[in-house]
Structures are given as C-alpha cells and as structure tokens.
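> Here are the chains, one letter per residue:
There are 2 protein chains.
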Amino acid sequence: MHPSQILNTAIETHHPAAAACLSALGRRMFFPIGIPAQAAQAKSAKINATIGQLTNGHGAALPLAAIADHLRDISLEDTTLYSPQGGNKALRAAWGEHLAKKGDGPMTSPFCTVGLTHGLSLLADLFVDNDTDVILPSPGWGNYDHIFGVKAGGRIHRYPVFDDGIFDPNAMSTALEKIQNKGVVLLNFPGNPTGYTPTPEQLAPWLEAIRNCEKPIVVICDDAYAGFVYEPGHLDRSPFHDLADADPNRVLTVKVDGATKELCFFGGRVGFVSFGTSGEAGQALDTKIKGMARATVSTGPAVSQALVLSALNSPDLAKQQADIFALSLKRYRSLKRCLAEAKIDTLPFNSGFFALIPVKGDPETLRLNLLNDGVGVVAFPQHGAIRVAFSSIANDDIPKLVNALAKHIERQI
Amino acid sequence: MHPSQILNTAIETHHPAAAACLSALGRRMFFPIGIPAQAAQAKSAKINATIGQLTNGHGAALPLAAIADHLRDISLEDTTLYSPQGGNKALRAAWGEHLAKKGDGPMTSPFCTVGLTHGLSLLADLFVDNDTDVILPSPGWGNYDHIFGVKAGGRIHRYPVFDDGIFDPNAMSTALEKIQNKGVVLLNFPGNPTGYTPTPEQLAPWLEAIRNCEKPIVVICDDAYAGFVYEPGHLDRSPFHDLADADPNRVLTVKVDGATKELCFFGGRVGFVSFGTSGEAGQALDTKIKGMARATVSTGPAVSQALVLSALNSPDLAKQQADIFALSLKRYRSLKRCLAEAKIDTLPFNSGFFALIPVKGDPETLRLNLLNDGVGVVAFPQHGAIRVAFSSIANDDIPKLVNALAKHIERQI
Chain V
26 MHPSQILNTA
36 IETHHPAAAA
46 CLSALGRRMF
56 FPIGIPAQAA
66 QAKSAKINAT
76 IGQLTNGHGA
86 ALPLAAIADH
96 LRDISLEDTT
106 LYSPQGGNKA
116 LRAAWGEHLA
126 KKGDGPMTSP
136 FCTVGLTHGL
146 SLLADLFVDN
156 DTDVILPSPG
166 WGNYDHIFGV
176 KAGGRIHRYP
186 VFDDGIFDPN
196 AMSTALEKIQ
206 NKGVVLLNFP
216 GNPTGYTPTP
226 EQLAPWLEAI
236 RNCEKPIVVI
246 CDDAYAGFVY
256 EPGHLDRSPF
266 HDLADADPNR
276 VLTVKVDGAT
286 KELCFFGGRV
296 GFVSFGTSGE
306 AGQALDTKIK
316 GMARATVSTG
326 PAVSQALVLS
336 ALNSPDLAKQ
346 QADIFALSLK
356 RYRSLKRCLA
366 EAKIDTLPFN
376 SGFFALIPVK
386 GDPETLRLNL
396 LNDGVGVVAF
406 PQHGAIRVAF
416 SSIANDDIPK
426 LVNALAKHIE
436 RQI
Chain B
26 MHPSQILNTA
36 IETHHPAAAA
46 CLSALGRRMF
56 FPIGIPAQAA
66 QAKSAKINAT
76 IGQLTNGHGA
86 ALPLAAIADH
96 LRDISLEDTT
106 LYSPQGGNKA
116 LRAAWGEHLA
126 KKGDGPMTSP
136 FCTVGLTHGL
146 SLLADLFVDN
156 DTDVILPSPG
166 WGNYDHIFGV
176 KAGGRIHRYP
186 VFDDGIFDPN
196 AMSTALEKIQ
206 NKGVVLLNFP
216 GNPTGYTPTP
226 EQLAPWLEAI
236 RNCEKPIVVI
246 CDDAYAGFVY
256 EPGHLDRSPF
266 HDLADADPNR
276 VLTVKVDGAT
286 KELCFFGGRV
296 GFVSFGTSGE
306 AGQALDTKIK
316 GMARATVSTG
326 PAVSQALVLS
336 ALNSPDLAKQ
346 QADIFALSLK
356 RYRSLKRCLA
366 EAKIDTLPFN
376 SGFFALIPVK
386 GDPETLRLNL
396 LNDGVGVVAF
406 PQHGAIRVAF
416 SSIANDDIPK
426 LVNALAKHIE
436 RQI
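Those sequence lines, one after another, are chains V and B.
Each residue of the first sequence is one higher than the one before, starting from 26 at the first, in the working numbering.
Each residue of the second sequence is one higher than the one before, starting from 26 at the first, in the working numbering.
Read the hints as simulated data drawn from the structure, not as lab findings.
Be careful, since some hints might not be right.
As the list claims (entries may be wrong) - Derived, one-sided and incomplete: chain B residues facing chain V with beta-carbon distance under 10 Å:
1. Lys71
2. Ala74
3. Asp94
4. Glu102
5. Leu228
6. Ala229
7. Pro230
8. Ala234
9. Asn237
10. Leu352
11. Val402
12. Asp421
To be verified - Only pairs whose alpha carbons sit at most 20 Å apart, straight line, appear in this in silico EDC-like list of lysine to aspartate or glutamate:
13. B:Lys425 / B:Asp341
14. B:Lys68 / V:Glu389
15. B:Lys355 / B:Asp270
16. V:Lys68 / B:Glu389
17. V:Lys71 / B:Asp94
18. V:Lys126 / V:Asp341
19. V:Lys315 / B:Asp170
20. B:Lys207 / B:Glu256
21. B:Lys68 / V:Glu256
22. B:Lys315 / V:Asp170
23. V:Lys71 / B:Asp341
24. V:Lys203 / V:Glu256
25. B:Lys385 / B:Asp94
26. B:Lys126 / B:Glu239
27. V:Lys68 / B:Glu239
28. V:Lys71 / B:Asp193
29. V:Lys127 / V:Glu226
30. B:Lys68 / V:Asp422
31. B:Lys71 / V:Asp94
32. V:Lys368 / V:Asp189
33. V:Lys344 / B:Asp94
34. B:Lys344 / V:Asp94
35. B:Lys71 / V:Asp341
36. B:Lys71 / V:Glu389
37. B:Lys203 / B:Glu226
38. V:Lys127 / V:Glu239
39. V:Lys71 / B:Asp270
40. V:Lys68 / B:Asp398
Everything numeric in this text was worked out from a predicted model, so none of it was measured.
Glycine included, C-beta positions come from ideal geometry on N, C-alpha and C.
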C-alpha cells in the first residue's frame, strides 16, 4: 500500500470527519522515507556521514564567527544546525506543556511551523480545495482570504462577528448551513481586527452549532493573541479546549498559535499546529503535516526555535510576560478612556492588539487625512471602519491619536 | 482589471516564456494591498498605529529579556520585529551584490525565502501544475520529487547526469523532448547527491539544448552548494549566469541559493530566489512570488536574516569562508585518496558535500551493515549506490570510514 493510503486509512478509521475533509492534495500527502529518516537512524553512529551539513565531524556546529559572535549563552548546535522535521523536540514538548495547563482534551504534540501563517497555510493545503466551503469571520484578517481562497481555492463565506454592534449569537449556525460537502471554520479570539473576545455564555451557541454540524468540518482556532484579554469574564482560553472532544465523526478541531505575539517574538516566526485528536489519527495527521511542511520549507528556523525554547525554560518568563501584559493593559485602558471622553464609538473590544472604529464616510479618506497629521491607522473600507493598533503606540501618544481621530472623524460627517 | 491580470499582462508582454509557464495558481496569484501596504505608507508617521506588533510606540522593539539576552551586537528591531514582505531590504541588496560579482545578466533583486526549499516550493506553486513536465536530475535530491510531483502535481521525468560513469552530454536535449506543453528544468551543480560539477565544455551542449528548446521552459538553478568546488577547470559559477540572457520567448532562468551552505548557517533558513529577467516582467514576477509567500509563511525569520546580513557586512567574512573551504577541501582530498587506495570506485565527484558510491548488491543492506559498525551513510536503492557526506565527518575518521566501506562492500559481492 502507498504510504499516503496507510495514513488515509488510519484517519478514516479513527477520525472520520478529518478524513472526509482532506483535500485532494491532503489525501495524496505522506512523509517520504528519505534522508531525514536515515539520518535519524544514524544519530548515534560514531561516524555519521548522512547529513549534508558541515560539522566538526562529531556533531558540533562550525558556524562562521560572523554569525556565532551575535549569539550568547545558547547552544550553537541548536541555533545553527538543522532542526528536526517538525521542530526542535524539546520545544514541541515545552509548548505542549504550556497548552496542557489550559485543558486536558485530546491533542497531538504541537507541530512547529514558520509563524502562524505557515500553520494556516499547511492546514489549507491539507483541508481546502475547490469543494471546500471556508467560513471566515467578518471583520477578519485579510490574509485568511488570500490563504484559503486565492491560494487554496476554497469557496469563501463570511460570518458576522457582530450584529448591530453586539456579538451575534446566531452567526455560526447560519454560516454552517452554507457548507455543501465539507467545511473549514475559522475562529479567532482575541480577534484581528476586532480586538474582541466573547464571554463563555456568548460563545456557547456557536460551540453548540459546531458540535451539531451536519457536514464534516475542520475548526481552526487561530489563537495568535492568546493571553491578551483585558476584561474579566471573557474567554480565558482558546475555544479549542471546548471543542477538542467533539464527535470525531463530525468535527476535527485544530489549534494554531505561537510565540509571535505570546512571547513578543514577531521576527522569530515560531508557530505551532496541534490537532484535537490522539492515537493513530493523531500520528497520521502529524505525518501528513510533516510531509506538507517538507514540501514547503523543509525545517523551520532553528535559531528562532532555540530562542523560544530558552524563553519557555526561563524562570523569569512569567514576570517578563506580566510586564508586557501590564504595558498593553495600560494602553488599552487609556485608549478606552480617551475614546469615551471624545465620544467616539467603537465596535466592542476587550483584548488583543486592536480597536475597530466604524466611521461615517470613506475610511480610506480618513486614513489619508490622519496620515497627513502624522497618524497611521489601517482602513477597512469593506467594514466601513478603521483599525487602531494600540500595541504599537506609546501610552503618551494615545490622547494625541484620539484628538486627531476626533478632528477628522467629525469632518467626515 | 484584477491585480493578477495586470501582472499576467506585464509578464506576457515582457517575458512570454514565463507567462506561458505559469500554473493556474501562478496565474491567479497577486499581492493583496492589505495591511503591509498601508503600514509601509505610515512608516514615517509620528504616531504609527498600523501594525499588530508590540513596540515602545516609537518603533523600538520590546522583546522579552529571556530572548534578547541571547543576542548581542545586533539590532533588536532587525532581529525581533517583523521583517518586510520579501525580506530585510539591506539583506536583499547585499545578496544581490554578492551575486553580481559572478555575472551581469538580467536579474531581479533576490527575494528572501525560508531556506532553499521554500524558494523551490514557491516556484513549484508559480510554475507547476498537472500540465507541466518537470525535468529532474538523476541522481538527484529526493525532495524535488516531493515538491514538484507529490505536492505540485507535475509530471516528473528524470535525466541521467552520468552515462556509464561519465557526464552525459546528450542528457538534456533528450530530456527536453519529453515536454508536451510547458516545462520546468532543474539544474543542480555542485550536485546533491552526486557531489559533481561539470566543466564548461561538458555543460555547453546542455546550455545549447536549453536555449533552443521548442517549448517554453523555466530553468531553476539550485545553487545550494555554490562555492564548494575543489578541482580547477570546473564551473566556478552557476549556469544561471550563462542562461539569464536566453530568449525570453523560450526560457525563464531562475536562481535559487542561500546562506544555508554558503554561510554554513543550516539552522537559519535564509534562501533567495532571483529571476533572470528585469524591468516590468521582473517586477511582476517579484510581486507574484511575494503574493505566494504571503499565503505560505507571510514573512521569513527576521533574526536569521539579520544574522546573515551582519555576516555579509563583516570585513572578516572572506577569511572565515576560506577557512571553511580549506577544511572541506582537506576532507574531500582525504576521502579521494583513501577510496583510491582501497580501490573503491565512485561516480565522479569534485565539489559540494557528497560522494556517491555505486555498490553491488543491495545498498540498504550495506547501509545497515555499516550502521552496525557505527558508520552512518545514506542508501539510494534507486541508484544502486550509497552517499557519503564528507561534510559531516572529521578528517581523522575518513580512513576508518573507508575501511568499514571496504570491509562491507567486499562482503556484498
């Protein structure tokens, strides 16, 4: 039997919804037993002439000093030699422990990707073709359309996160009706560009609709902004943990997250994909995504992975993250207060890095007027709104930003 | 007009062969004018609230100390914040200068990828679909089949690099006849797994065949091992430089290379794609590949890119590279001498990291026997050969490795 067929059978048997959702490419994908597999077997050989990387002959790295001189107190092997397919193993284990603190449902070992986009793109390759209905949030990240629509060729549908400025309890059940044969559903809390995270009560009807979906679906939880929730009473963990134990005949839940925002390492490009399943189906999906990654980037950046692993192992990490959270919370509160004082309405926001402000008139004109006054924001003409990233402005500048907003928003009316 | 159509028209007009070779996905690809474009416009705004990355509000990075403490004498902005789409601009310029030393044909600014595999994969996305004949070297890197065949769905054909142990002058013209409508041709010198680089005279009939190909083709020069040529008289630069000025109605030549081997930074994942064209077609192809990368990884690892840029700017780089070359040359010469003394025949090798040794009997059995004696090599049953990576063994171990080879190869007869 072809290796892809062995994987497909394992997935069909143990997680039927996942099998039903595989794209044509996803079905034919496997991990070739090539050099990486033979190199893994030779790992403890005294003379290991398997891998095409230049070492001292005993496994030690021989990096150029021009590179190594910039690295300190970190293994040169872990940073400058190849990381294994799927990522640094200690890092995968450490991230798995990090996630296990939030829930104990079925979950595969986090598969290390080149930032979260790569994880989303691999899932699109595995599960999206022109027979897939892809259900995306609106407002939502524009790159979802590009990944799942333009590149993967899925049929894109958008569900409203808000109805008349309030979280829409019926949005998910209505959206799921659009699925003809198989679907991919994207959840993103805290949201980009909304900066919104619902309460558990608000999300309940969405989870109910997903659990009871008539057609097989893959639910992708994009948890890029995990941890940045500023108001009590709102979700303090990913919906992944509530959906991972859904009926495997109906739903496969997948978690996409990473160090980009959670550890403020934007330039690192360390993301993870964890499937909400276990056993043989989990192993087969891990092999499928490893095969897909082998065909897109081979391994990810070892230096970034080693830096993230070191951070996760640092006894000081919690304090450093708390400092970043406190800084972000302060900006959030300033922005909330200044907007209220200026009587500028926003869509609900309580988390993440953004606030979304509906505007009368053309958001693009407003954006250009603000730019003339030295204030950069992002226009979303399709939502009649502008997005303010309070993550990237100093606290002292927030009143000035709101003043500029107030001046130009009034002009538009 | 849709943005993809504008790009397609520019490519059709200025580089017809490239347009004729685009896959269905390649034709519909464009770069969405989303947040990155608006953020670029706001770069000099005093208050820049465009990008979702956490900074001090004035553009300075706020990395966790648990990450930043491992970096020294290098910009925290360049290493821990997002790099631009397509890569660090100074790095792209520096790599372009590095390449310009070898030839002055048309060439786009090197597009930065996540290692060379990502470059090959992006080119497969742009140019390979199930109507593409993909012409690969044999022996050749197994991952080519995975990228261009399993993932991209092209029809794979293999051309022999050697005929009866000698570089085959007719291999390319024969292989090109297999192209039905459009083709992708892969050249890889120094080769993996062959470790071979031809002389200019040997390569001449291949270049002639490519220049005169009747069907439109994209020629990809995989120059992973550039610079590691140990014998005088063999190619001292990529075939890219001889093909970049081929008739744009027939051929598009593309260079794929990077820091992985050239700068011994295996864990960095810094590769480049440069198209052998210029002007409007070059700009359009750069936009197409940028759109494709946006849908696969978004940006690449900034920390790796910053380290490579720093190395390229180091006044000591040439000496450090010369030391690495000298070490590699010494291992090459030891292996050549020991194999000759042991009367073990090889396929011709003169460059790169590998030697390929044909064996009587089953290469996989030989591999396992060697492994039992503590010697790891890679078996290529499809070529009746094993591959020795002399890049990863100490000079002192080479006689031992050859002794083990001699012992087990004899047993096989």
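> State for each hint whether it applies.
Hints, one by one, checked against the model:
Residue-level restraint check for B:Lys71 holds (minimum Cβ-Cβ distance to chain V is 4 Å; threshold 10 Å). Interface hint at B:Ala74: satisfied, since its Cβ lies 5 Å from the closest Cβ of chain V, which is below the 10 Å cut-off. The criterion of a C-beta within 10 Å of any C-beta in chain V is met by B:Asp94, whose closest approach is roughly 7 Å, and the hint holds. With a cut of 10 Å, the hint placing B:Glu102 at the interface with chain V holds, because the nearest CB-to-CB distance is about 9 Å.
A least Cβ separation of about 22 Å between B:Leu228 and chain V goes past the 10 Å threshold, and the interface hint is therefore violated. Nearest Cβ of chain V to the Cβ of B:Ala229: about 28 Å, over the 10 Å cut. The hint is violated. Among the interface hints, the one on B:Pro230 is violated; its C-beta lies about 28 Å from the nearest C-beta in chain V, farther than the 10 Å criterion. A cut of 10 Å between beta carbons decides the hint on B:Ala234: the least distance to chain V is about 29 Å, and the hint is violated.
Because the beta carbon of B:Asn237 sits about 32 Å from the nearest beta carbon in chain V, more than 10 Å, this interface hint is broken. This hint holds: B:Leu352 has a C-beta 7 Å from the nearest C-beta of chain V, less than the 10 Å allowed. Contact between B:Val402 and chain V, as hinted, is supported at the beta carbon level, the nearest pair being about 5 Å apart and thus within 10 Å. Given hint, B:Asp421 at the interface with chain V, holds; its Cβ is 8 Å from that chain's nearest Cβ, closer than 10 Å.
For a cut-off of 20 Å, the pair hint linking B:Lys425 to B:Asp341 is broken: about 35 Å separates their Cα positions. The suggested pairing of B:Lys68 with V:Glu389 holds, with an alpha-carbon distance near 17 Å, which does not exceed 20 Å. Distance check on the hinted pair: B:Lys355 and B:Asp270 sit about 37 Å apart at the alpha-carbon level, beyond 20 Å; violated. Restraint check for V:Lys68 and B:Glu389: satisfied, since their Cα atoms lie roughly 17 Å apart, inside the 20 Å limit.
Between the alpha carbons of V:Lys71 and B:Asp94 the distance comes to roughly 35 Å, so the proposed pair goes past 20 Å and is violated. With a C-alpha separation of about 18 Å, the suggested pair V:Lys126 and V:Asp341 falls inside the 20 Å cut-off, and the hint holds. Only pairs whose Cα atoms come within 20 Å are accepted, and V:Lys315 paired with B:Asp170 is accepted, the gap being roughly 16 Å. A C-alpha spacing of about 36 Å is found between B:Lys207 and B:Glu256, which places the hinted pair above 20 Å, so the restraint is violated.
For a cut-off of 20 Å, the pair hint linking B:Lys68 to V:Glu256 is broken: about 31 Å separates their Cα positions. Straight-line distance between C-alpha atoms of B:Lys315 and V:Asp170 comes to about 16 Å, which keeps the hinted pair within the 20 Å bound. For the suggested pair V:Lys71 and B:Asp341, the alpha carbons sit about 33 Å apart, so the restraint of at most 20 Å is broken. Taking the CA atoms of V:Lys203 and V:Glu256, the gap is about 33 Å. The hint is violated against a cut of 20 Å.
With a C-alpha separation of about 54 Å, the suggested pairing of B:Lys385 with B:Asp94 is violated against the 20 Å cut-off. Between B:Lys126 and B:Glu239, the direct Cα distance comes to roughly 32 Å. Violation of the 20 Å bound is thereby established for this hinted pair. Note on V:Lys68 and B:Glu239: the hinted pairing is violated, with a Cα-Cα distance of about 47 Å set against a maximum of 20 Å. Taking the CA atoms of V:Lys71 and B:Asp193, the gap is near 37 Å; set against the 20 Å cutoff, the hint is violated.
For the hint pairing V:Lys127 with V:Glu226, the CA-to-CA distance comes to about 18 Å; that is within 20 Å, so the pair holds. Proximity of B:Lys68 to V:Asp422 is assessed by CA-CA distance (about 16 Å); at most 20 Å being required, the pair is judged to hold. For the suggested pair B:Lys71 and V:Asp94, the alpha carbons sit about 35 Å apart, so the restraint of at most 20 Å is broken. As the CA atoms of V:Lys368 and V:Asp189 are separated by approximately 18 Å, the hinted pair is consistent with the 20 Å bound.
With a C-alpha separation of about 15 Å, the suggested pairing of V:Lys344 with B:Asp94 holds against the 20 Å cut-off. With a C-alpha separation of about 15 Å, the suggested pairing of B:Lys344 with V:Asp94 holds against the 20 Å cut-off. The suggested pairing of B:Lys71 with V:Asp341 is violated, with an alpha-carbon distance near 33 Å, which exceeds 20 Å. Distance hint between B:Lys71 and V:Glu389 is fulfilled; the C-alpha atoms sit about 19 Å from each other, no more than 20 Å.
A C-alpha spacing of about 24 Å is found between B:Lys203 and B:Glu226, which places the hinted pair above 20 Å, so the restraint is violated. Restraint check: the Cα-Cα separation between V:Lys127 and V:Glu239 comes to about 29 Å, which exceeds 20 Å; the hinted pair is violated. Pair hint V:Lys71 plus B:Asp270 does not hold up; C-alpha atoms about 48 Å apart against a cutoff of 20 Å. Using a Cα cut-off of 20 Å, the hinted pair V:Lys68 and B:Asp398 holds, with the two alpha carbons roughly 13 Å apart.
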